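Line by line, the protein sequences give chains A and B.
According to my numbering, the first sequence is numbered sequentially starting from 1.
According to my numbering, the second sequence is numbered sequentially starting from 1001.
To be clear, the hints were calculated from the coordinates, so they are not data collected in a lab.
Just so you know, not all the hints are guaranteed correct.
What the hints assert, rightly or not - Covered by chain A, per the in silico footprint, the following chain B stretches (three or more residues, Cβ under 8 Å): (1) 1039 to 1047; (2) 1094 to 1101.
To be verified - Non-contacting residues of chain B with respect to chain A, defined by C-beta distances greater than 12 Å in every case (computed): (3) Val1012; (4) Asp1026; (5) Ser1033; (6) Ala1052; (7) Glu1059; (8) Gly1063; (9) Gln1105; (10) Thr1107.
Please read all numbers here as calculations on a predicted model, not as lab measurements.
Even glycine gets a Cβ: it sits at the ideal position worked out from N, Cα and C.
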Amino acid sequence: GIQVEQSPPDLILQEGANSTLRCNFSDSVNNLQWFHQNPWGQLINLFYIPSGTKQNGRLSATTVATERYSLLYISSSQTTDSGVYFCAVPGGGNKLTFGTGTQLKVEL
Amino acid sequence: NAGVTQTPKFQVLKTGQSMTLQCAQDMNHEYMSWYRQDPGMGLRLIHYSVGAGITDQGEVPNGYNVSRSTTEDFPLRLLSAAPSQTSVYFCASLNPPNTEAFFGQGTRLTVV
């Protein structure tokens, strides 16, 4: 099956800093999602992005499907950005395969 | 819209007990699925359903049963709980061909 790798596995930022999270996938996909799992465990949809770039406030995502990667940019990070960021891609039968996530901690 | 609703949020079971985790969605999505999340890992697919009356196994189905009698509901049953089933369980739905998935808030299950 498709493999999904995320980097870095852990990241500590000072509030106000910018960061880039990466998601690599092993096969062609027709879509990709980014999620934020907050400290309470909720999975929040960030982006649904097959290709190109989308922006939502301080967050933006770019997927380059032909090169099999996606990037999540966080600008001017805030403590509320802390949590785990997952990317996921659909495999056969609409089954999602998740990466192992990037654990982000934003400190004051 | 409530989206995807899971109950309960927390549950403690003794080894060998049975229980059902409930999942309901109000978006008229055809596809529903159950995942489990273990520490340091992403989510792994347990079972999924492409429509009412149709279910299939995912990556880690052992110890779990599902049924799909209506479009809205997709319960997950643990027939005889084991400590290895201690995990956080998520239900999700989507509506093909749009593959954007929406998740419930999760159920944290501890088996002692």
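Starting from the hint list further up, note which numbers the structure goes against and sort them upward.
Failing hints, ascending: 5, 7, 9, 10.
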